[in-house]
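Chains as they are written, first to last, in our numbering: chain B, 1 to 318; chain W, 1 to 228.
Calculated directly from the structure, the hints in this document are not laboratory data. Possibly wrong hints are sitting among the right ones.
Just a sample of chain B residues kept apart from chain W, beta carbon distances all over 12 Å, derived [unchecked claim]:
id, residue
1, 78
2, 147
3, 236
4, 296
5, 302
In silico DSBU-like cross-links for lysine-lysine, where the CA-CA straight-line distance does not exceed 35 Å [said to hold, decoys possible]:
id, chain 1, residue 1, chain 2, residue 2
6, B, 290, B, 317
7, B, 205, W, 49
8, W, 151, W, 49
9, W, 218, B, 63
10, W, 174, B, 224
11, W, 39, B, 304
12, W, 182, W, 128
Being a predicted model, the structure only gives us computed values, none of them experimental. Ideal Cβ placement from N, Cα and C applies to all residues, glycine included.
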Amino acid sequence: MNTILVERAGISSSYQDMGRLNLQYIGIVQGGCIDEDNFLLCNAILQNNCNEGLIEFAYQGPKIKVVDGNCKIAITGDVIFNIIKSSGTVIKGECYRSYYLNQNDTLDVLTTSNSVYGYLGFEGGIDLQKYFGSVAVNSRSNLGPNNGKKLSNNDKIQLKKNIYASNEYILRRIPEKNRNTTIRVLEGPQEEYFSNNGLMTFYEKSFLVSNLTDRMGMRLEGSKIDLVKSPNIKSEGIIKGSIQVPASGQPIILLSDHQTIGGYPKIAIIASADYDHLAQTLPGTSLKFKKINLREANISYQLKIKTRKNIIASLQKI
Amino acid sequence: MIKQILNFGDQGLICDFGDEVKKEINLKVISLFKIINFKIKNNEIQGIKNCTPSYNKLIINFNLEVISFQQLSKIVTSVQEQDLNKILENQKTWKIPVCYDEEYGIDQKRISEYTGLSISEILDIHQKTNFYIYMIGFMPGFPYMGDLDDKLYTPRLETPRVEILDGSVIIAEKFCAIYPYKSPGGWNIVGRTPIKLFDQHSKNPCLLFPGDNVEFYKINLEEFKKLV
Chain B
1 MNTILVERAG ISSSYQDMGR LNLQYIGIVQ GGCIDEDNFL LCNAILQNNC NEGLIEFAYQ
61 GPKIKVVDGN CKIAITGDVI FNIIKSSGTV IKGECYRSYY LNQNDTLDVL TTSNSVYGYL
121 GFEGGIDLQK YFGSVAVNSR SNLGPNNGKK LSNNDKIQLK KNIYASNEYI LRRIPEKNRN
181 TTIRVLEGPQ EEYFSNNGLM TFYEKSFLVS NLTDRMGMRL EGSKIDLVKS PNIKSEGIIK
241 GSIQVPASGQ PIILLSDHQT IGGYPKIAII ASADYDHLAQ TLPGTSLKFK KINLREANIS
301 YQLKIKTRKN IIASLQKI
Chain W
1 MIKQILNFGD QGLICDFGDE VKKEINLKVI SLFKIINFKI KNNEIQGIKN CTPSYNKLII
61 NFNLEVISFQ QLSKIVTSVQ EQDLNKILEN QKTWKIPVCY DEEYGIDQKR ISEYTGLSIS
121 EILDIHQKTN FYIYMIGFMP GFPYMGDLDD KLYTPRLETP RVEILDGSVI IAEKFCAIYP
181 YKSPGGWNIV GRTPIKLFDQ HSKNPCLLFP GDNVEFYKIN LEEFKKLV
């Protein structure tokens, strides 16, 4: 047995992988990790299967203790954490590398810094039951392992295998800190629901990320976006990153755990290259939107994938 | 047939079948959905993350690392009108028990006041209607069913309720639905079914399928409690 005790769950910690595919027709969203880059990098450092389930946390992460066996962990994102060895020695943690933990060692994930989400992975993976081919927890629909719930204090995490002392790894290249507050978007399918003024407001004014933001959506605050038609459309399928505008004129960006069908007009949709970065944006940040075309969006996405591959290729033994 | 194909962001494609909410049009959306799913299962298309049918649209979410908008558009436009008419078999009709007792049918009075019909007339019409499932979504297992008899047309509540019980059978405008989970909501509640619409532990987690039909029949409170 290889057991980890959750001494403190953190604010919003849950098991995530890349989510469930092709079930949206019965109301099940893909869900899964919010920040795909950091999810994939975490598994790459641990040399896991790229879709291995791990723990996603927001703001304050979990404090865990290895109560049985040994393990190897890695943390990705912009995260401040400590490793407290059973001897009492405290090691200040570095992201984007692995650490070997012995029985009775503690890991304390204090906080994310200038970002919302971070990832904690274990070499070999966590022993979790898959539902519809995925271990992603959707706490709004109670889907996934752990009764579809977020992590709680005193939960026990079982690992798939015990790890014997072995090399630790590090990414020599890490993702660049992105401080860009202009988010690239593509034209939405219901632009005709907005007046010219409404569209100008959206593309020229700044919007504040509000506190009403979670895995499901990000509410923005700013100048009212003027609609020319009734703000109800025939409900239709949603894709993550859709920016819908209800009658209030305040946009809502639908994130990974979005509802599968929605009935508000969509003014724009986030370019895939900027989705992870957008979802990591802290409440209180002021954002602007810039329209790009499909060709530009495709090029920027290919660049993002290429950058990630280059980062993964920089993995080395310590 | 498909009126237009549009991109929805850089990883989405919209097949738009026109503006009408009609069963005949929705059946074509569902046929196209089945054809695309068949192609996914046979490995004729790769990189599809999701395919979501709604009243008059099929929205496909694809993985740009695997397939492009242009490649996917080609596949969708190659589907012939006659193929859309062929795939309409296997639609089931479900008979779903509903307890219409006052305890659960809390908005019957409101519907009666709005429509001018007596409660027994309302329940009679509700049970005689053959409902068609246009789509499932919003939350797992939630069926959007139509068309409700015009005589029962009642708007949504102005202030949505904070909590509606799971299994609540609800109506608003020309639609009827059932809540698979406890949820906030603004539709009018006519009764409650003991049938579980969605259970992730079950072999068939989602009871209903888009394109299926549903009819309701009355059970009393005692029967309801036995079936829960």
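Verification of the supplied hints:
1. Every CB of chain W is more than 12 Å from the CB of residue 78 of chain B (nearest about 25 Å), matching its label as outside the interface.
2. With a closest Cβ-Cβ approach of about 10 Å to chain W, residue 147 of chain B is found to fall inside the 12 Å limit, against its non-interface label.
3. Listed as a non-interface residue, residue 236 of chain B fails to keep its Cβ farther than 12 Å from every Cβ of chain W; the least gap is roughly 4 Å.
4. Separation of residue 296 of chain B from chain W is inadequate, the least Cβ-Cβ distance of about 9 Å not exceeding the 12 Å criterion.
5. With a minimum CB-CB distance of about 8 Å to chain W, residue 302 of chain B fails to clear the 12 Å threshold, and the non-interface call is violated.
6. Using a Cα cut-off of 35 Å, the hinted pair residue 290 of chain B and residue 317 of chain B is violated, with the two alpha carbons roughly 41 Å apart.
7. As the CA atoms of residue 205 of chain B and residue 49 of chain W are separated by approximately 33 Å, the hinted pair is consistent with the 35 Å bound.
8. Proposed proximity of residue 151 of chain W and residue 49 of chain W is contradicted: the alpha carbons are some 41 Å apart, above 35 Å.
9. This hinted pair does not check out: residue 218 of chain W and residue 63 of chain B have alpha carbons roughly 53 Å apart, beyond 35 Å.
10. Restraint check: the Cα-Cα separation between residue 174 of chain W and residue 224 of chain B comes to about 31 Å, which is no more than 35 Å; the hinted pair holds.
11. The hinted pair formed by residue 39 of chain W and residue 304 of chain B meets the criterion: a straight-line CA distance of about 29 Å does not exceed 35 Å.
12. The hinted pair formed by residue 182 of chain W and residue 128 of chain W meets the criterion: a straight-line CA distance of about 27 Å does not exceed 35 Å.
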